[in-house]
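Asker: Residue numbers (this note's numbering), protein chains in the order written: chain A, 1 to 163; chain B, 1 to 617.
In case anyone wonders, no lab produced these hints; they're calculated from the structure.
Bear in mind the structure is a predicted one, so any value in this text is a computation, not a measurement.
Even for Gly, the Cβ is constructed at its ideal location relative to N, Cα and C.
Where hints are given, some of them may not hold.
[Said to hold, decoys possible] With a Cα cut of at most 20 angstroms, we get these calculated DMTMM-like pairs of lysine to aspartate or glutamate:
hint	chain 1	residue 1	chain 2	residue 2
1	B	73	B	131
2	B	294	A	49
3	B	25	B	98
4	B	534	B	606
5	B	605	B	559
6	B	242	A	136
7	A	133	B	19
8	A	105	B	449
[Stated by the list, open to error] Restraint-style ranges between C-beta atoms, simulated for each label pair:
hint	chain 1	residue 1	chain 2	residue 2	range
9	B	407	A	148	39 to 45 angstroms
10	A	152	B	103	39 to 45 angstroms
11	B	300	A	53	37 to 43 angstroms
12	B	249	A	22	19 to 25 angstroms
13	B	301	A	22	20 to 26 angstroms
14	A	110	B	572	27 to 33 angstroms
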Amino acid sequence: MVTETDVRKQTRDIIAPLKGRRALLIPAMQAVQQKLGYLPPEAMEEIGELAGVSTNIVYGVATFYAQFRTKPVGRRMVAVCRGNACNVRGSERILETIERALNLKVGETTPDREYSLETIACIGACAMAPAMKMNEETIGKLTTKAVEDLFPKKAKQEGASEK
Amino acid sequence: MAQSNTKHQILVCQGTGCESSKSAKINQALAEEIKRSGLSDTVQVKTTGCHGFCQQGPIVVIEPEGIFYTGVKIEDVPEVVKSYFVEKKPLERLLYHDPTTNKAIPLYKDIPFYSQQHRLILRNCGEINPEEIEDYLARGGYTALKKVISSMQPAQVINEIQRSGLRGRGGAGFPTGKKWEAAYKAKGNPKFVVCNAGAFMDRSVMEADPHSVLEGMTIAAYAVGASQGYIYVLADYHIAMKRFGLAMEEAKKRNLLGKNILGSKFSFDVDISQGAGAWVCGEGRALLLSIEGKRGMPRVRPPLSVDEGLWGLPTCTNNLRTLASVPLIINKGADWFASIGTEGSKGTAVLGLTGKIANNGMVEVPMGTTLRKVIFDIGGGVPGGKRFKAVQTGGPSGGCLPESSLNLPVDFEALSKAGSIMGSGAIAVMDEDTCMVNAAQGFLSFCRDESCGKCVPCREGLPMMVEIMDRITSGKGKPEDISQLLEMSDTLIQGSLCGLGRTAPNPVLTSIRYFRDEWEAHINEKRCPALVCKALTNFYILPDKCQGCGICVRACPADAITGGKRMVHVIDQSKCIKCATCLEKCPPKFSAVKKASGETVEVPKEPVPIAAGAGTK
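With the rest of the complex left out, here is chain A:
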């Protein structure tokens, strides 16, 4: 179990090399999230201290940008692109299929913390549309079939269609 003090210490270690940089708030947040997977409240306090801004400001920036998360996420982050090209090539259906396969809605994490699902503005793989990212890997030319193959089929659940 990671304690609050651990998080503070970890955060300080992660952001120490950035000290003295002119624009360090966002790089510090990115570095911390990269290591911890998300931005816990204590980490935001530490980052604010280093950057010389209030925790409020850090929280404001964290919630403004799509990249930042204030809650822990699953080991595999599935991000479906909803950029223009993907939209035109049917990303909505891809997303619905993933939602059904993982029994998960956008913004949620499976109870076993295996998968998190989110959408992303544009991953810049437009010629491979519709595309998604699973952690660092870009997966393009998605079809509903490809999605079904990608995610281990969960047993059909009672009332799978409930909203």
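The hints should help you fit chain B onto chain A, whose structure is shown.
Answerer: Showing chain B alone in chain A's frame:
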């Protein structure tokens, strides 16, 4: 290794598109195979950036002949090597095949996708190894920077760019020379140059030819008197950042970047600023705030960023493709550049072809090329025998133009007159299966989600507009909805500070302007002509076609289909979630599932035995 005297080169694309098709492993396998075959002295395997034809990836090209292989797999590697280097003939099955004639086209330069392009900004993309500065130097790289530093005053550089007619490639099309002049004259120290690499095409150039961007930035810095640069790129663009970082290191080693560049008094350094994902940061002011580590939001102008930009200091922000054009203009001259393109839009446009188009990818054409030529001659038209319906230019806030607009030239003025924008250069093609109301709603929802929330008409207006459109697509539209949307669009355009709010209504306005009949069908007849809007569409299983095979029953995720073996299956409309799985899974020889909108299809209420003679198994 770029200067070794090998006879052949095998170029393996490792842009993001091909990389996601596992091209790195192909590169390795090819290198091993060449070694194993004892060809190492004559054949060299080389990594390149994006060729632009991502859909056909992974792409492998054999130079100098220009043999073009598509969709190469690891298993193909031994044959690729053996066929060309031992048996001396290209491997037919991996060649590009013309989609209409199905004839193989062996050479790169003969493929229509390439033969009709005019590649200036993309001049090196797919040709050089982006991780080797020698490759860039061998193709005349950094000669423009040398020329500028050794023989031109900043004012002369600015004058040259002004005379060339170069306009910003990021969307707004502001004259680059004019911006540079303003930044040059602005008072404040230090000054900054910022390169915005926001769009998919920017990413590809950054991955394939990072030095051209760096050279362009450095020339810009010299011209405006900046000492520090930032390149703003999405944190997700890993390959682009890695290659640009390498390029900076290499350039520094050769004194092309850093302190006292090429022995002069001019010093310039660049930092990579990783964007955290906010579409509004494509807007100049929001981008700068994001670099500063704040929430990216626009502001009232003036002051302009060239006067008060990053940390209140003069800042010249240019799009990546604008900057990548600069070295060429310096080397070949303003008159040469101005001879390409149209009266108001000079040079070329890099376009990202996406959507329902046969050849997805990135192309470059002279400004003024018609949309028809881009979509049909280069893009190969609409695949699957479907009819062209609309094209959206410029990104999610671009207008949707109908078939009658296909003769429009791609340039800033013509597109804006038709209700669209040049924007990022994205060209998204929609076919007859697209519902224009639904499409407009999708684009508007995107802008709603990306609104920064500063201007009220954008923050409050977009959700309200989406709500009205939700109503229309779910069959609850009212006749006055259209005029209300038009009025709200007008408020949004007039009352928003930045391009996001001002352009967000474009898809709605053009969709109403060119496809009004579809809107009226939704509102007045509660019908979606393209059979897209779920609330207005139903699925039926036709009793005279169903063979009772049970495939759809098992596949239905909502358990909405009933019917045993040899019984006509029936969809319970109250349970159906309209996911279309049954339509997809029903064997094509039966084609028993029908999608309908605005009509009632007579089907049994309960499963009934299949009629005699309807099937024989």
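Asker: Hint compliance check: list the failing hint numbers for this structure, sorted ascending.
Answerer: Violated hints (numbers, rising): 1, 3, 4, 11; every other hint is consistent with the structure.
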